[in-house]
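Asker: Now for the letters of each chain:
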Amino acid sequence: MYQYDQYDQQMVDTRVEEFRDQVKRRLAGDLTEDQFKPLRLMNGLYLQLHAYMLRVAIPYGTLSSKQMHMLAHIARKYDRDYGHFTTRQNIQYNWIKLEEAPDLLAELASVEMHAIQTSGNCIRNISSDQFAGATADEIADPRPWAELLRQWSSFHPEFSYLPRKFKFAVIASDTDRAAMRLHDIGIQLVHNDAGELGAKFFVGGGMGRTPMIAPEIRDFVPADELISYAEACLRVYNRYGRRDNKYKARIKILVHELGKEEYTRQVEEEFAHMKGLGLDPPVAELARITEFFADPPFDRQASDDLDLSDPDFALWVDQNVSEHKQPGYAIATISLKPRGGIPGDASSAQIDLMADMAEQYSFDELRVTHSQNIVLPHVKKSDLYALWQKLDEAGLAPANLDLITDSIACPGLDYCSLANARSIPLAQKISERFADLGRQRELGELKLKISGCINACGHHHAGHIGILGVDRKGTENYQLLLGGSGAEDASLAKITGPGFTEDGVIDAIETVTDLYLAEREDGERFIDTYRRVGMDRFKEAIYG
Amino acid sequence: MVDAIRLRDDDVHEEPAVSLDSFLDQSNATAVRIEAGEDARQLLPFLDRLSLIEIDFPVFGDGRGYSAAQILREAGYTGELRASGDVLVDQIAYLRRCGFDAFAPDSPINPRLMEEALGRYEHVYQATSDQRAAIWKRRHG
Numbered sequence: 001m002y003q004y005d006q007y008d009q010q011m012v013d014t015r016v017e018e019f020r021d022q023v024k025r026r027l028a029g030d031l032t033e034d035q036f037k038p039l040r041l042m043n044g045l046y047l048q049l050h051a052y053m054l055r056v057a058i059p060y061g062t063l064s065s066k067q068m069h070m071l072a073h074i075a076r077k078y079d080r081d082y083g084h085f086t087t088r089q090n091i092q093y094n095w096i097k098l099e100e101a102p103d104l105l106a107e108l109a110s111v112e113m114h115a116i117q118t119s120g121n122c123i124r125n126i127s128s129d130q131f132a133g134a135t136a137d138e139i140a141d142p143r144p145w146a147e148l149l150r151q152w153s154s155f156h157p158e159f160s161y162l163p164r165k166f167k168f169a170v171i172a173s174d175t176d177r178a179a180m181r182l183h184d185i186g187i188q189l190v191h192n193d194a195g196e197l198g199a200k201f202f203v204g205g206g207m208g209r210t211p212m213i214a215p216e217i218r219d220f221v222p223a224d225e226l227i228s229y230a231e232a233c234l235r236v237y238n239r240y241g242r243r244d245n246k247y248k249a250r251i252k253i254l255v256h257e258l259g260k261e262e263y264t265r266q267v268e269e270e271f272a273h274m275k276g277l278g279l280d281p282p283v284a285e286l287a288r289i290t291e292f293f294a295d296p297p298f299d300r301q302a303s304d305d306l307d308l309s310d311p312d313f314a315l316w317v318d319q320n321v322s323e324h325k326q327p328g329y330a331i332a333t334i335s336l337k338p339r340g341g342i343p344g345d346a347s348s349a350q351i352d353l354m355a356d357m358a359e360q361y362s363f364d365e366l367r368v369t370h371s372q373n374i375v376l377p378h379v380k381k382s383d384l385y386a387l388w389q390k391l392d393e394a395g396l397a398p399a400n401l402d403l404i405t406d407s408i409a410c411p412g413l414d415y416c417s418l419a420n421a422r423s424i425p426l427a428q429k430i431s432e433r434f435a436d437l438g439r440q441r442e443l444g445e446l447k448l449k450i451s452g453c454i455n456a457c458g459h460h461h462a463g464h465i466g467i468l469g470v471d472r473k474g475t476e477n478y479q480l481l482l483g484g485s486g487a488e489d490a491s492l493a494k495i496t497g498p499g500f501t502e503d504g505v506i507d508a509i510e511t512v513t514d515l516y517l518a519e520r521e522d523g524e525r526f527i528d529t530y531r532r533v534g535m536d537r538f539k540e541a542i543y544g
Numbered sequence: 001m002v003d004a005i006r007l008r009d010d011d012v013h014e015e016p017a018v019s020l021d022s023f024l025d026q027s028n029a030t031a032v033r034i035e036a037g038e039d040a041r042q043l044l045p046f047l048d049r050l051s052l053i054e055i056d057f058p059v060f061g062d063g064r065g066y067s068a069a070q071i072l073r074e075a076g077y078t079g080e081l082r083a084s085g086d087v088l089v090d091q092i093a094y095l096r097r098c099g100f101d102a103f104a105p106d107s108p109i110n111p112r113l114m115e116e117a118l119g120r121y122e123h124v125y126q127a128t129s130d131q132r133a134a135i136w137k138r139r140h141g
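Protein chains in written order, with this note's numbering: chain A, 1 to 544; chain B, 1 to 141.
Looking at chain A on its own, in the form it has when it is part of the complex:
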């Protein structure tokens, strides 16, 4: 894992003191709420329906046990004993007091964490593949590149007042676990013909009101030109992105309106100019960062044998455990989607327990996934049973990874001032309706994603089944979408037709899944059947 040096630490510490000063000015009345708002937003502090919400950055979703314990401590001391893991691989606290926020940030800084740029119209936390450094299907660990981008984007003076927020994802595998092409900039690490590692750039993806899948604009950017190429992409956007309408302000609209070719031409022109300016760190800097991500000291003698005689354990292994690049090891995903629970929520005690498990069984490392689960990336297979037993005792062993109850849901109207409808109670009801694990497994991989408004924080456009909450004449109404994917087969879901009540949409989901079971051919997932038979068959089944 990356570790701060004195420079990184100083930057974060300075930010805490700067924010402390800004809060003091606000509390003393020297700053109006209007003046204070952009300052607190740049530091992840939102004013929600009931209280302040603080979003803490977890760069590329990787953290240590010590950092995880700190997240539990913060939940206990400053919030109501729980935290909420988000689709940006971050954590949010929903009940923060403004006057306590500076102390909270100081505690975070003591474990090399921060809330810098977790909101505002700036470059947000860089996300990545939760299996980075552990999976066999990647060509390199993408996280050193993400860390290089994190540092470059932190306090970037030219790109802190962009037309709108800006999100990067970096992956290094053809299997996309990070919804890379639904980001403002998606980067896939690739080799060129000479065998050098570089970055393939996809620009202009996103969800929100106008979902777009990012087109590729360059097939290879060398490591020592990564920053200047990113600067060129951002500068064209900063200058020409729309500022007249916040709903048309994301880079996807610019790329769409200019056309991919024209946007690319402008970026290349800017890049040609920037290349000579000395903006790029030397390759030695990427090499320095990469050293921090070296493999942990694996036991080379570890055995691949696994005793699956406990049937519940066997189910969990089958569903939640993924292949590791190192023989004798596995990647374990802890589902934060218990029956009837709130997707992504974890209590302080659970967060502490996951930290302990990582310390004991996963070389001190955890990951947060964009599906709001937690990963222990490096577990020895011989430890899996002991791990599972402890997780199970704490309610952390639902064996439902990638199944219908492993849903993504935004905070919705229970917390969010933008929402039109509640997401959490719907997710909870769906989780009850489909609680039978046998039934879920029969349905197989099924990505269900729920947003409580058109801003799409719950990724409904990328759901095999998506749900969008809207407000219809003062009552909550839910639209059903089908056919989206955030993976390497990225596609955007389409609305089936008129919306439903909360119970009505759950009935409709059942109709849809029943049709899938009746229609599927060998080996087809829900999404495959949908793509083969088309929307009309599903519409017919739902609306008659």
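Derived from the structure by calculation, the hints contain no laboratory data.
Misleading hints may appear alongside valid ones.
With a straight-line cut-off of 25 Å between C-alpha atoms, the simulated SDA-like cross-links for lysine to any residue are [stated by the list, open to error]:
#  : chain 1 : residue 1 : chain 2 : residue 2
1  : A       : K167      : B       : L44
2  : B       : K137      : A       : D383
3  : A       : K260      : B       : R41
4  : A       : K248      : B       : G37
5  : A       : K248      : A       : L258
6  : A       : K167      : B       : F60
7  : A       : K24       : B       : L44
8  : A       : K167      : B       : D62
9  : A       : K325      : A       : D383
10 : A       : K275      : B       : L44
11 : A       : K165      : B       : N110
12 : A       : K37       : B       : P58
13 : A       : K37       : B       : G61
14 : A       : K37       : B       : L118
15 : B       : K137      : A       : A287
16 : A       : K275      : B       : A133
17 : B       : K137      : A       : L258
18 : B       : K137      : A       : K248
Please build the complex by placing chain B on the supplied structure of chain A, with the hints as guidance.
Answerer: Frame of chain A; chain B shown alone:
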């Protein structure tokens, strides 16, 4: 409008700044003001004889002026670069990093807060036109 704050030692430029359109028409002006949406690159052929370029910020959240300033400094402009309009103390440090060396804010800026803002961060992560050494440079020499 309050008096401009200058971080330069040379004399104040007395000639009023003309609009970009007027400047492009009348080739002898030495001071020009560009609005947020205007293309700073149109000035590049004339940088040698410009002494003052003023860039307007209609609202502090409109960040186009930061890129305009960077473009001018990257092209070698050494005259006064002034940020005018909705310029607040909390943006001063970033403006400075993009090459601004004068500020004409709509509302006065508390000099003590401004000094604190400019001196707060000892180091920076990026190479920009203020020529401060980025942290990676300090790490690798």
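Asker: Now tell me if each hint is right for this structure.
Answerer: Structure-based check of each hint:
As the CA atoms of K167/A and L44/B are separated by approximately 32 Å, the hinted pair breaks the 25 Å bound. With a CA separation close to 44 Å, the supplied pair K137/B and D383/A exceeds the 25 Å bound. Distance restraint check for K260/A and R41/B: the Cα-Cα separation of roughly 23 Å lies within the 25 Å cut-off, and the hinted pair is therefore satisfied. At most 25 Å may separate the alpha-carbon atoms for a hinted pair to count; K248/A and G37/B meet this at roughly 17 Å.
Among the hinted pairs, K248/A with L258/A is consistent with the structure: their alpha-carbon atoms are about 13 Å apart, no more than 25 Å. Between K167/A and F60/B the CA atoms are separated by roughly 22 Å; this keeps the pair inside 25 Å, and the hint holds. Among the hinted pairs, K24/A with L44/B is inconsistent with the structure: their alpha-carbon atoms are about 43 Å apart, more than 25 Å. Using a Cα cut-off of 25 Å, the hinted pair K167/A and D62/B holds, with the two alpha carbons roughly 19 Å apart.
Only pairs whose Cα atoms come within 25 Å are accepted, and K325/A paired with D383/A is accepted, the gap being roughly 17 Å. The straight-line distance between the Cα atoms of K275/A and L44/B is roughly 18 Å, inside the 25 Å bound, and the hint therefore holds. Annotation: proposed proximity of K165/A to N110/B is violated, straight-line Cα distance about 30 Å (limit 25 Å). Proximity of K37/A to P58/B is assessed by CA-CA distance (about 18 Å); at most 25 Å being required, the pair is judged to hold.
Pair hint K37/A plus G61/B holds up; C-alpha atoms about 11 Å apart against a cutoff of 25 Å. Taking the CA atoms of K37/A and L118/B, the gap is about 21 Å. The hint holds against a cut of 25 Å. A distance of roughly 14 Å separates the Cα atoms of K137/B and A287/A; the hinted pair therefore holds under the 25 Å criterion. A C-alpha spacing of about 17 Å is found between K275/A and A133/B, which places the hinted pair at or below 25 Å, so the restraint holds.
With a CA separation close to 36 Å, the supplied pair K137/B and L258/A exceeds the 25 Å bound. At most 25 Å may separate the alpha-carbon atoms for a hinted pair to count; K137/B and K248/A exceed this at roughly 38 Å.
In the structure shown, a violation is registered for the earlier hints numbered 1, 2, 7, 11, 17 and 18, in ascending order.
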